[in-house]
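Asker: Here are the chains, one letter per residue:
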Amino acid sequence: MGYKKIKKDQLKTLFNELSKDCSLFVPSGSKGYVGFDPWDGNSADFTEWYGNTTIPPKALFFPPVEAMLRFRKGEAGYEIEELLPNGRPQIVFGVRPCDARALKITDILFSDTYRDPYYLKRRENATIVGLACNEPCDTCFCTSLDISPGESQDVDLLCTDIGDELLMEAVSDKGEDLLSKMSGLSDASGEEESKAKQLGESAKEKITRQIDTSGLLDKMRSSFENREYWEDVSRKCMSCGICTYVCPTCHCFDICDENNKKDGKRVRNWDSCKFPLFTRMPMENPRHEKWRRIRQRYHHKFEYFQMNFEAIACTGCGRCIRECPVNVDVTEIIGGIQAL
Amino acid sequence: MEESNWEPKVIGFLCHWCSYAGADLSGSARLEYPHNIRIIRIPCSGRVDPMFILRALQNGVDGVLVSGCHPGDCHYQSGNFHARRKFAVINRLLKYVGIEPERVQFSWVAASEGPKMAQVIKEFVEGVRKVGPNRLFKDEKKDGE
Amino acid sequence: MENRLKEEAGKLLKEGKVDYIVGYGKGTVNLRTSPLITNKEEDLEGLVINPFIANNLSRYPVELKGRVGIVVKGCDSRSLTSLMQDKKVKREDLIIFGIPCEGVVDLKKLAGQIGAEIDRVTDAEKEGENLTLQVDGSKKTIPFRDVIFDKCYGCEHPTPLEYDVLLGSEVTPNLDIEKSLEKIKALDDMDTPERWDYWKEQFSKCIRCYGCRNVCPACFCERCFVDVNMPQWVATYATWQDNLTFQLIRTLHVAGRCSDCGECERACPVGIPLRSLQRKMVEEVKDLFGHEVGIDKDAPPVFSHYEATDPDEFMK
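Residue numbers (my numbering), protein chains in the order written: chain A, -4 to 335; chain B, 42 to 186; chain C, 2 to 317.
Everything labelled a hint here was simulated from the structure, so no lab data went into it.
A few of these clues could be false.
Simulated crosslink set (PhoX-like; lysine-lysine; CA at most 20 Å straight-line) [said to hold, decoys possible]:
no.	chain 1	residue 1	chain 2	residue 2
1	C	K66	A	K285
2	A	K26	C	K206
3	B	K163	C	K317
4	A	K26	C	K110
5	B	K157	C	K317
6	B	K136	C	K184
7	C	K180	C	K287
8	C	K287	B	K136
9	A	K26	C	K184
10	A	K26	C	K201
11	B	K179	C	K201
12	C	K317	B	K127
13	A	K260	B	K179
14	C	K109	A	K26
15	B	K136	C	K201
16	C	K186	B	K136
17	B	K171	C	K317
18	B	K179	C	K206
19	A	K15	A	K176
20	C	K287	B	K127
Label-pair restraints from in silico Cβ distances [what the hints assert, rightly or not]:
no.	chain 1	residue 1	chain 2	residue 2	range
21	C	D297	A	R287	38 to 44 Å
22	C	N40	A	L212	26 to 32 Å
23	C	R5	A	P33	36 to 42 Å
24	A	D168	C	Q135	44 to 50 Å
Heads up, the beta-carbon is just placed ideally off N, CA and C, and yes, glycines get one too.
Using the sequences and the hints given, assemble the complete structure.
Answerer: Structure representation (structure tokens):
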């Protein structure tokens, strides 16, 4: 279909139109932090200030809290009502390439031997509109993980901010479909196309933070028994769950039944391996000491996930570095392992 | 329940040695107090955890009354003095976050003060009636959706 | 100052007087500093003292085994003293390096002031009353007092009260209580239901990462009441009701222990103005019992003693 473009001042009209027959989510800072919020018809100026959200788009597909089913004790035993997502189409506008990759990574997990209907239903119904990064943050290191700030194959439609206009390119059929439904677009020129490419290249150069993934799997394995190293790097950690909750690929959850006398519901919520009580519910958390919990997080991301699914569960979005109150830095930790 | 025939439902955490006995006394003296109160007996006002108060409100009661022995009369000597410090800050915090002051009340009632107990309950229930049903923790939205 | 700290800290480690040094090191993010906790002399080269040392380090000695040399600002020192009152740390296990503090830069405020992400600032230096910055390669000067944390305007003890070594000379308080309590005043001026709605909205954002609790030096329970499940006081999952209940109870637990270090609010990833709760209770505890946090290490914790003359007029 080729490249299309839209004037930024037309975005509002576009969003109003799109939100008529689907749920549209756009980056918003109205709550005091940046997250994907339902389009409220107000301001579409996020392209001017938006680096990335604090809460990643995973929250739209794997919400912090979700009721899975309701149960009721009836005459003939328990009646169970499954509470699947309603199936309304969703468009998520402005997903950064790192987060788009993160969704592909969590897709692998949630569609493995057990196919998670809650997550997958939401994913099926969603169209991801990416937004290339022209100004990566200081905390970004996506290029170390084969992600380019300026391009993405993980979205359905990719936008690039080329000044007064957004350039749009369909990446998947879903994106093609969405693009054909949008009004107010015009054809982009070859010049504009190359400008977008150029912006992507210069964004790449702006990223200075990095991790070295070559031979990392072996290094991770041999670091496992290095207690001294893990004790050193974990000393300042406060054992809160911020890094795991803002991580676009962290996916651990807990399930609990909330019941009254005769009815109740089963709820799934985010959980974090940083908490001493993690996995306490079956029996015991085997990771009593803090350093074991920290080790678990990095080993899960860089070793176990890679062994199981041939992908590193980190996309270099830098949220954990940015949001950590004590500045625990994944690039430092991985750098340290490489240097062991 | 329909708004028109709404009756306040309040919980009373009464200390075993004074206030609970005070409530007993008002009963045996055939004094009337509103039936809107459900009394939970606790060993001492010092036993009251702020969680009791918040959980009660969260579970939908319209008011919480906490009552114990007068200062100096505590069966455990200093339980109510410690409790008083806690109550003072709980009281200030709850007001600050926007819980109507009429919903939570702290009182001293002795075992011999049957009439006072009846009076305290009556006034408290009337106060709660004035501020209306507790909708503080109500939510139209279903969790997680 | 920095050099003296490195020197003295090095001596302590060398002579075996402490097992760990807990101070500030350069962070890996622009302008930020990070806790530096080490038992190795060579790491001490990384110690820094600058107007960006936001963390309250007083929580670490509770967790570290052994004797600790620790760097504290005014507010942190009062947290530490409060921990001594609660017998969570022993004075004799600590060598305290006090930093007289003129305020710490609030990076969110700074970003607002310069109208750009902090990422664009490559260098910042305090020069007298100003903060000189390099933003996108060009120099920018802003008044230092415009970008410090709200708590700093209300700081009555900028110089640590308890220390072994004071790094620098005492700082006299530069108070602007009104500014420090601006948000609280705004809440006080609302009517009751409005205030409830305000907090309801704020706690709808909470994701229960427990950042606030885990960075708080006054939150030292070995098992927090939210982690207790028999009885389950609050649900493990985040609903605004339980989030609010959790925070209210936490607020009560740290009342009389909170030194208004503001770490809870700084840590919160979703921007809940937690200090508006905690600082309010600092005021209330002072008003009710005349208790100021972390002044006297030998005084009993405020809720483990009482006076017969404590306020009683709220009792009916």
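Asker: Run the structure past the numbered hints and jot down the numbers of the failing ones, going up.
Answerer: 23
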